[in-house]
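My request is simple: use the sequences and hints to build the entire structure.
In the numbering used here, each number is its position in the sequence shown, counted from 1, plus 150.
In short, the hints are calculated from the structure, not lab data. Glycine included, C-beta positions come from ideal geometry on N, C-alpha and C. Among the hints, a few may not be true.
[Unchecked claim] Dumping the calculated EDC-like pairs for lysine to aspartate or glutamate here, alpha-carbon to alpha-carbon at most 20 Å: (1) K190 / D170; (2) K270 / E161; (3) K231 / D155; (4) K231 / E208; (5) K190 / E201.
[Stated by the list, open to error] Derived Cβ-Cβ restraints for the label pairs, each shown as a range: (6) F283 / R153: 19 to 27 Å; (7) D170 / Y212: 18 to 26 Å; (8) M293 / D273: 29 to 37 Å; (9) D155 / M300: 18 to 26 Å; (10) G157 / P275: 17 to 25 Å; (11) R242 / K210: 25 to 33 Å; (12) D296 / E194: 40 to 48 Å; (13) S202 / T239: 34 to 42 Å; (14) G299 / D229: 22 to 30 Å; (15) E208 / N284: 35 to 43 Å; (16) P275 / G205: 33 to 41 Å.
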Amino acid sequence: MRRCDDGSLHEGKLELVTWDTPENPDEDYSEAMGWGAVVKSEAEEFKQKFESELGADEKKLYKEWPQAFRWTCCGTGADMKYGCDHHGTGSRPCTCDFCKMGKPLTEKIYNNRLKSVHGKGLDLPRGPDPRSFNSRTAETNAMARDLLGMDN
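Put into C-alpha coordinates, the structure is as follows:
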(Lines of atoms letter the chains of each structure in order from A; the text may use other names.)
(Lines give C-alpha, C1' and ligand atoms only; values in the text may rest on other atoms or scores of the structure.)
Protein backbone atom coordinates (compact mmCIF):
# COMPACT_ATOMS: atom_id res chain seq x y z
CA MET A 151 0.00 0.00 0.00
CA ARG A 152 1.08 3.53 -0.66
CA ARG A 153 -0.68 6.73 0.37
CA CYS A 154 -1.38 9.28 -2.36
CA ASP A 155 -1.09 13.06 -2.09
CA ASP A 156 -4.90 13.34 -1.81
CA GLY A 157 -5.07 10.88 1.12
CA SER A 158 -6.33 7.90 -0.90
CA LEU A 159 -4.41 4.62 -1.03
CA HIS A 160 -2.95 2.47 -3.78
CA GLU A 161 -3.85 -1.02 -2.56
CA GLY A 162 -2.57 -2.99 -5.55
CA LYS A 163 0.88 -4.22 -6.42
CA LEU A 164 3.61 -2.08 -7.91
CA GLU A 165 4.56 -3.90 -11.11
CA LEU A 166 7.43 -3.31 -13.55
CA VAL A 167 6.23 -2.84 -17.15
CA THR A 168 7.89 -5.63 -19.18
CA TRP A 169 5.44 -5.79 -22.11
CA ASP A 170 4.82 -3.89 -25.33
CA THR A 171 1.74 -1.94 -26.34
CA PRO A 172 1.01 -0.68 -29.85
CA GLU A 173 0.21 2.89 -30.78
CA ASN A 174 -3.42 3.68 -29.91
CA PRO A 175 -5.13 5.47 -32.83
CA ASP A 176 -8.00 6.51 -30.52
CA GLU A 177 -5.73 8.71 -28.39
CA ASP A 178 -4.80 12.26 -29.34
CA TYR A 179 -1.15 11.40 -28.79
CA SER A 180 0.08 7.83 -28.58
CA GLU A 181 3.23 5.92 -29.44
CA ALA A 182 4.10 2.25 -29.32
CA MET A 183 5.57 1.59 -25.87
CA GLY A 184 7.95 -1.08 -24.60
CA TRP A 185 9.89 -2.34 -21.60
CA GLY A 186 9.94 0.16 -18.75
CA ALA A 187 7.09 2.18 -20.27
CA VAL A 188 9.39 3.98 -22.69
CA VAL A 189 8.94 4.54 -26.42
CA LYS A 190 9.31 1.16 -28.13
CA SER A 191 12.30 2.26 -30.19
CA GLU A 192 14.23 3.03 -26.97
CA ALA A 193 13.03 0.09 -24.84
CA GLU A 194 15.87 -2.35 -25.45
CA GLU A 195 18.52 0.29 -24.70
CA PHE A 196 16.62 1.29 -21.55
CA LYS A 197 16.44 -2.34 -20.38
CA GLN A 198 20.20 -2.74 -20.94
CA LYS A 199 20.83 0.41 -18.89
CA PHE A 200 18.67 -1.03 -16.10
CA GLU A 201 20.70 -4.23 -16.10
CA SER A 202 24.20 -2.75 -16.51
CA GLU A 203 24.09 0.66 -14.81
CA LEU A 204 21.45 -0.04 -12.15
CA GLY A 205 22.42 -3.67 -11.55
CA ALA A 206 18.83 -4.79 -12.29
CA ASP A 207 17.81 -3.13 -9.01
CA GLU A 208 14.10 -2.23 -9.21
CA LYS A 209 14.34 0.19 -6.26
CA LYS A 210 16.99 2.20 -8.11
CA LEU A 211 14.89 2.12 -11.27
CA TYR A 212 11.85 3.36 -9.34
CA LYS A 213 13.83 6.34 -8.02
CA GLU A 214 15.12 7.18 -11.50
CA TRP A 215 12.06 6.36 -13.63
CA PRO A 216 8.91 5.66 -11.55
CA GLN A 217 6.71 5.53 -14.65
CA ALA A 218 8.43 2.21 -15.49
CA PHE A 219 6.01 0.74 -12.93
CA ARG A 220 2.23 0.58 -12.67
CA TRP A 221 -0.28 0.16 -9.88
CA THR A 222 -2.38 -2.96 -10.47
CA CYS A 223 -5.27 -1.48 -8.45
CA CYS A 224 -5.98 1.31 -10.93
CA GLY A 225 -3.72 0.93 -13.96
CA THR A 226 -1.87 4.19 -13.51
CA GLY A 227 1.86 4.75 -13.71
CA ALA A 228 3.73 4.88 -10.42
CA ASP A 229 4.73 8.47 -11.21
CA MET A 230 1.07 9.42 -10.60
CA LYS A 231 1.11 10.61 -6.99
CA TYR A 232 -2.39 12.10 -6.76
CA GLY A 233 -5.22 9.63 -6.28
CA CYS A 234 -5.99 6.01 -6.97
CA ASP A 235 -8.83 5.90 -9.49
CA HIS A 236 -9.92 2.37 -8.59
CA HIS A 237 -13.64 3.06 -9.30
CA GLY A 238 -14.91 0.91 -6.44
CA THR A 239 -12.41 -1.85 -5.70
CA GLY A 240 -10.49 -0.09 -2.92
CA SER A 241 -11.23 -0.03 0.81
CA ARG A 242 -11.81 3.73 0.62
CA PRO A 243 -14.08 5.66 -1.77
CA CYS A 244 -12.66 6.46 -5.21
CA THR A 245 -11.67 10.12 -5.56
CA CYS A 246 -12.10 10.53 -9.34
CA ASP A 247 -14.52 13.06 -10.87
CA PHE A 248 -16.68 10.35 -12.43
CA CYS A 249 -17.28 8.48 -9.18
CA LYS A 250 -17.99 11.77 -7.38
CA MET A 251 -20.57 12.49 -10.10
CA GLY A 252 -22.06 9.00 -9.74
CA LYS A 253 -21.20 8.12 -13.35
CA PRO A 254 -19.11 5.35 -14.91
CA LEU A 255 -16.08 6.24 -17.02
CA THR A 256 -16.97 7.08 -20.60
CA GLU A 257 -16.43 4.29 -23.11
CA LYS A 258 -13.51 6.19 -24.70
CA ILE A 259 -11.70 6.90 -21.44
CA TYR A 260 -12.21 3.34 -20.20
CA ASN A 261 -11.04 1.70 -23.43
CA ASN A 262 -8.02 3.99 -23.70
CA ARG A 263 -7.04 3.08 -20.12
CA LEU A 264 -7.16 -0.63 -20.98
CA LYS A 265 -5.06 -0.07 -24.13
CA SER A 266 -2.43 1.98 -22.30
CA VAL A 267 0.94 0.57 -21.29
CA HIS A 268 -0.07 0.86 -17.62
CA GLY A 269 -3.58 -0.57 -18.01
CA LYS A 270 -2.82 -3.47 -20.36
CA GLY A 271 -4.09 -6.83 -19.12
CA LEU A 272 -5.81 -5.50 -16.00
CA ASP A 273 -9.47 -6.12 -15.18
CA LEU A 274 -10.38 -2.58 -14.18
CA PRO A 275 -13.93 -1.49 -13.31
CA ARG A 276 -15.64 1.50 -14.95
CA GLY A 277 -17.36 2.60 -11.76
CA PRO A 278 -18.98 4.43 -10.31
CA ASP A 279 -18.03 3.76 -6.72
CA PRO A 280 -21.33 4.44 -4.90
CA ARG A 281 -19.43 5.51 -1.77
CA SER A 282 -17.92 8.45 -3.69
CA PHE A 283 -21.01 10.33 -4.84
CA ASN A 284 -21.03 13.95 -3.68
CA SER A 285 -24.07 15.97 -4.75
CA ARG A 286 -22.29 19.28 -4.03
CA THR A 287 -19.48 18.60 -6.47
CA ALA A 288 -21.29 16.38 -9.00
CA GLU A 289 -22.95 19.23 -10.87
CA THR A 290 -19.81 21.39 -10.85
CA ASN A 291 -17.63 18.51 -12.10
CA ALA A 292 -20.10 17.67 -14.85
CA MET A 293 -20.30 21.28 -16.04
CA ALA A 294 -16.52 21.72 -15.98
CA ARG A 295 -15.91 18.50 -17.90
CA ASP A 296 -18.52 19.52 -20.51
CA LEU A 297 -17.15 23.06 -20.80
CA LEU A 298 -13.60 21.80 -21.29
CA GLY A 299 -14.66 19.03 -23.69
CA MET A 300 -13.11 16.38 -21.47
CA ASP A 301 -15.64 13.64 -22.22
CA ASN A 302 -15.66 13.85 -26.01
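Okay, the hints, checked on the actual structure:
1. K190 / D170: Distance ~7 Å between K190 and D170 Cα, so the pair holds.
2. K270 / E161: holds, 18 Å
3. K231 / D155: holds, 6 Å
4. K231 / E208: With a Cα-Cα distance of about 18 Å, the restraint between K231 and E208 holds, given a limit of 20 Å.
5. K190 / E201: holds, 17 Å
6. F283 / R153: 19 to 27 Å: holds, 23 Å
7. D170 / Y212: 18 to 26 Å: holds, 21 Å
8. M293 / D273: 29 to 37 Å: holds, 32 Å
9. D155 / M300: 18 to 26 Å: Given a distance of about 21 Å, which is inside 18 to 26 Å, the answer is holds.
10. G157 / P275: 17 to 25 Å: Cβ of G157 to Cβ of P275: about 21 Å, so the range 17 to 25 Å holds.
11. R242 / K210: 25 to 33 Å: 31 Å Cβ-Cβ, so the 25 to 33 Å window holds.
12. D296 / E194: 40 to 48 Å: holds, 43 Å
13. S202 / T239: 34 to 42 Å: holds, 38 Å
14. G299 / D229: 22 to 30 Å: holds, 25 Å
15. E208 / N284: 35 to 43 Å: holds, 37 Å
16. P275 / G205: 33 to 41 Å: Because 38 Å falls inside the window, the suggested range holds.
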